[in-house]
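*Asks:* So you can see what is in the structure, the chains are spelled out below.
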Amino acid sequence: AQSVTQLGSHVSVSEGALVLLRCNYSSSVPPYLFWYVQYPNQGLQLLLKYTSAATLVKGINGFEAEFKKSETSFHLTKPSAHMSDAAEYFCAVVTGANSKLTFGKGITLSVRP
Amino acid sequence: DAGVIQSPRHEVTEMGQEVTLRCKPISGHDYLFWYRQTMMRGLELLIYFNNNVPIDDSGMPEDRFSAKMPNASFSTLKIQPSEPRDSAVYFCASSLAAHRLDSKRPAYEQYFGPGTRLTVT
Chain A
1 AQSVTQLGSH VSVSEGALVL LRCNYSSSVP PYLFWYVQYP NQGLQLLLKY
51 TSAATLVKGI NGFEAEFKKS ETSFHLTKPS AHMSDAAEYF CAVVTGANSK
101 LTFGKGITLS VRP
Chain B
1001 DAGVIQSPRH EVTEMGQEVT LRCKPISGHD YLFWYRQTMM RGLELLIYFN
1051 NNVPIDDSGM PEDRFSAKMP NASFSTLKIQ PSEPRDSAVY FCASSLAAHR
1101 LDSKRPAYEQ YFGPGTRLTV T
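Chains A and B are the protein sequences, given in the same order. First residue of the first sequence? That's 1 in this note's numbering, and the numbers climb one at a time after it. First residue of the second sequence? That's 1001 in this note's numbering, and the numbers climb one at a time after it.
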């Protein structure tokens, strides 16, 4: 069965520093992977998605993620953190053939001035 | 497009009362999902529909929970009777079916509503 693992629950970075949020997947078939962001008191918003077209995926707000099959990883990065990036980030994988997604537990990103 | 619409945004009710949460998916979407989010359990899928038909309700916690989708533009999640442990944020999401997408590699992305924050006292 497909699943994702997000280790740790909280990451804190300084404004302008690199953001790295980790996601590892488990899948018996080529996975479709997603990163979503949730700002306080809002719903989840799609950041980017991997559907095997390219291993380096660029998303909104300067985020990108690289699919590494050898490491079963899909880590999210941003070169320079901004205060507005403070939010909760979820990695997700398609499970089955019916558009069902399985989400990780989420990581809270804090950005220090 | 207005996106996924949920109502109410906040609901406070007393234990034992019936609660009905509402969702309007994005027009043309084939799938509708109901999720529950709590600090303790994170984001949980409760039930999802395809073309108004429930496909998988294995995430519905108890018989007190029920969901319907009478037409393509409306769904409800009902809790009767409600209990304090039902307090959570409930999200609705919708997506296109894979075969409806132009791309040879469908994306399956789900679009989420703003959520309903339910407090049961």
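Quick caveat, the hints were computed from the structure, so don't treat them as lab data. Keep in mind that this is a model prediction, so the values were computed, not measured. Glycine residues also receive a C-beta, built at the ideal position from the N, C-alpha and C atoms. Some hints here could point you the wrong way.
To be verified - Once the Cα atoms are required to be at most 30 angstroms apart in a straight line, the calculated DSS-like pairs of lysine-lysine come out as:
{"hint": "1", "chain 1": "A", "residue 1": "K100", "chain 2": "A", "residue 2": "K58"}
{"hint": "2", "chain 1": "B", "residue 1": "K1068", "chain 2": "A", "residue 2": "K58"}
{"hint": "3", "chain 1": "B", "residue 1": "K1078", "chain 2": "A", "residue 2": "K105"}
{"hint": "4", "chain 1": "B", "residue 1": "K1078", "chain 2": "B", "residue 2": "K1068"}
{"hint": "5", "chain 1": "B", "residue 1": "K1024", "chain 2": "B", "residue 2": "K1078"}
{"hint": "6", "chain 1": "A", "residue 1": "K105", "chain 2": "A", "residue 2": "K49"}
{"hint": "7", "chain 1": "A", "residue 1": "K100", "chain 2": "A", "residue 2": "K68"}
{"hint": "8", "chain 1": "B", "residue 1": "K1078", "chain 2": "A", "residue 2": "K69"}
{"hint": "9", "chain 1": "B", "residue 1": "K1024", "chain 2": "A", "residue 2": "K105"}
{"hint": "10", "chain 1": "B", "residue 1": "K1068", "chain 2": "B", "residue 2": "K1024"}
{"hint": "11", "chain 1": "A", "residue 1": "K58", "chain 2": "A", "residue 2": "K105"}
{"hint": "12", "chain 1": "A", "residue 1": "K105", "chain 2": "B", "residue 2": "K1068"}
{"hint": "13", "chain 1": "A", "residue 1": "K58", "chain 2": "A", "residue 2": "K68"}
{"hint": "14", "chain 1": "A", "residue 1": "K100", "chain 2": "A", "residue 2": "K69"}
{"hint": "15", "chain 1": "A", "residue 1": "K69", "chain 2": "B", "residue 2": "K1024"}
{"hint": "16", "chain 1": "A", "residue 1": "K68", "chain 2": "A", "residue 2": "K49"}
{"hint": "17", "chain 1": "A", "residue 1": "K58", "chain 2": "A", "residue 2": "K69"}
{"hint": "18", "chain 1": "A", "residue 1": "K69", "chain 2": "A", "residue 2": "K49"}
{"hint": "19", "chain 1": "A", "residue 1": "K68", "chain 2": "B", "residue 2": "K1024"}
{"hint": "20", "chain 1": "A", "residue 1": "K105", "chain 2": "A", "residue 2": "K68"}
{"hint": "21", "chain 1": "A", "residue 1": "K69", "chain 2": "A", "residue 2": "K105"}
Unchecked claim - Far from chain A by the CB rule (all over 10 angstroms, computed), these chain B residues:
{"hint": "22", "residue": "A1002"}
{"hint": "23", "residue": "T1020"}
{"hint": "24", "residue": "G1042"}
{"hint": "25", "residue": "F1065"}
{"hint": "26", "residue": "S1066"}
{"hint": "27", "residue": "P1070"}
{"hint": "28", "residue": "F1074"}
{"hint": "29", "residue": "T1076"}
{"hint": "30", "residue": "K1078"}
{"hint": "31", "residue": "P1084"}
{"hint": "32", "residue": "R1085"}
{"hint": "33", "residue": "A1093"}
{"hint": "34", "residue": "S1095"}
{"hint": "35", "residue": "A1097"}
{"hint": "36", "residue": "Q1110"}
{"hint": "37", "residue": "G1113"}
*Asks:* Between the alpha carbons of K1068/B and K1024/B, is the straight-line distance 30 angstroms or under?
*Replies:* Holds: K1068/B and K1024/B sit about 12 angstroms apart, inside 30 angstroms.
*Asks:* Just checking, S1095/B versus chain A, shortest CB gap more than 10 angstroms?
*Replies:* violated (5 angstroms)
*Asks:* Does the claim that A1093/B lies off the interface hold, with its Cβ farther than 10 angstroms from every Cβ of chain A?
*Replies:* violated (8 angstroms)
*Asks:* K58/A and K105/A were given as a pair; does the straight-line alpha-carbon distance stay at or below 30 angstroms?
*Replies:* Measuring from Cα to Cα gives roughly 22 angstroms; hence the hint holds.
*Asks:* Does F1065/B really sit off the interface, with its C-beta more than 10 angstroms from all C-beta atoms of chain A?
*Replies:* holds (18 angstroms)
*Asks:* Are the Cα positions of K100/A and K68/A separated by 30 angstroms at most?
*Replies:* holds (23 angstroms)
*Asks:* Check the non-interface label on S1066/B: least C-beta distance to chain A beyond 10 angstroms or not.
*Replies:* holds (20 angstroms)
*Asks:* Are K100/A and K58/A close enough, with their CA atoms no more than 30 angstroms apart?
*Replies:* holds (23 angstroms)
*Asks:* Checking a non-interface call: every C-beta of chain A should be farther than 10 angstroms from the C-beta of G1113/B. Is that right?
*Replies:* violated (5 angstroms)
*Asks:* Has the given pair, K1078/B with K1068/B, been kept, meaning a C-alpha gap of at most 30 angstroms?
*Replies:* Given that 30 angstroms is the threshold and the Cα spacing comes to 8 angstroms, the pair holds.
*Asks:* Is K69/A within 30 angstroms of K105/A, Cα to Cα?
*Replies:* Holds: K69/A and K105/A sit about 21 angstroms apart, inside 30 angstroms.
*Asks:* Could you let me know if the closest chain A CB is still more than 10 angstroms away from the CB of P1084/B?
*Replies:* Consistent with the label, P1084/B stays out of reach of chain A, its closest Cβ about 21 angstroms off (over 10 angstroms).
Checked against the numbered hints given earlier, this structure breaks hints 2, 8, 15, 19, 24, 33, 34, 35, 36 and 37; the rest are met.
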